[in-house]
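Engineer: Residue numbering for the sequence shown is 1 to 277, as defined by UniProt numbering.
Don't read these hints as lab results, they were simulated from the structure.
Take the hints with a grain of salt, since some may be wrong.
To be verified - Simulated restraints on C-beta separations:
no.	residue 1	residue 2	range
1	R252	R30	37 to 45 Å
2	S40	G225	23 to 31 Å
3	T36	K162	32 to 40 Å
4	R172	G149	20 to 28 Å
5	R252	V194	35 to 43 Å
6	A216	K162	21 to 29 Å
Being a predicted model, the structure only gives us computed values, none of them experimental.
Even for Gly, the Cβ is constructed at its ideal location relative to N, Cα and C.
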Amino acid sequence: MSPLIAPATPRTPGAAAASVPSTLPPASPRPAITLTPPPSSNKRQRRGAGAARSSLRAIRAVRALFRSLPILAPACRLPGVIPRHGVGGGGPRGHDGGHHIGGASRTTGTLFGHRRARVTMAVQETPGSVPVLLLELAMQTGRFMQEMGAEHLRVALECEKKPPGAGAGIGRARLLDEPLWTAYVNGRKIGYAVRREPTDGDLTVLQLLRTVSAGAGVLPTDVVGGGGAPEGQEAGDLAYMRAHFDRVVGSRDSESFYMLNPDGNNGPELSIFFIRI
């Protein structure tokens, strides 16, 4: 042995690395988040740009009309310009503009959470997009799933309209943007539901389910993590249920989501109503 190199001892880093074997299993890496923005956000941006261009064209058309008024005025026949009732009204859909289940928009709804933690509902326009609504209910996931298996579940979420002068009327928040709701399950008050922004854990769950169109199951805890259970209790496995929902907009202050039964029988097993009163 060379006199310039000291022998390895338990105090030297080399000896410590050689004498203590690694016993920790490799942690399961979380998947990379590849969820895309909701398609409607791009549509709103394009609609806003289109509206600006349309308004400019409308202004030019009005100016041109005023310039030509002396020429057109003798030939104007206002009664003939107004279309008769029922002409061009859109066919058999009706003339009242009301919404019905046949004209509902299709969305993806996911209920998930650790069994002893609160259940979370995510609404996505497509399974691979960022949720447009993430709502946390004051009810354990395990209990919620049990009640769904026993009977048809009706969840009513109510919030109050703001008083005059506090943002009511024009400029009022969209219904699904309301932050706090009073929650009822089959007519029984369970507490509150809170709208929140998605966390890394929420996005991980939705990323793992991006290829699932409908179904139910359990996700491994070592990937999605645990948490949300009362102090001193384990959260348990993360259960999920995903299905297609029909979204029906009744008015500015009411919307409904009806879960589509995969076999097409017995109607929806879950209905969720948002009401601003």
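Engineer: Now tell me, hint by hint, if it's right for this structure.
Structural biologist: Against the structure, the hints:
Separated by about 39 Å at the C-beta atoms, R252 and R30 satisfy the suggested range of 37 to 45 Å. Between S40 and G225 the C-beta distance comes to about 30 Å, which sits within the given range of 23 to 31 Å. Range check, T36 to K162: Cβ separation about 33 Å, and the 32 to 40 Å hint holds. Remark: the range hint 20 to 28 Å for R172 to G149 is contradicted by a beta-carbon distance near 38 Å.
With their beta carbons about 22 Å apart, R252 and V194 fall outside the hinted range of 35 to 43 Å. Remark: the range hint 21 to 29 Å for A216 to K162 is contradicted by a beta-carbon distance near 38 Å.
The structure does not agree with the numbered hints 4, 5 and 6 stated previously, though it agrees with the rest.
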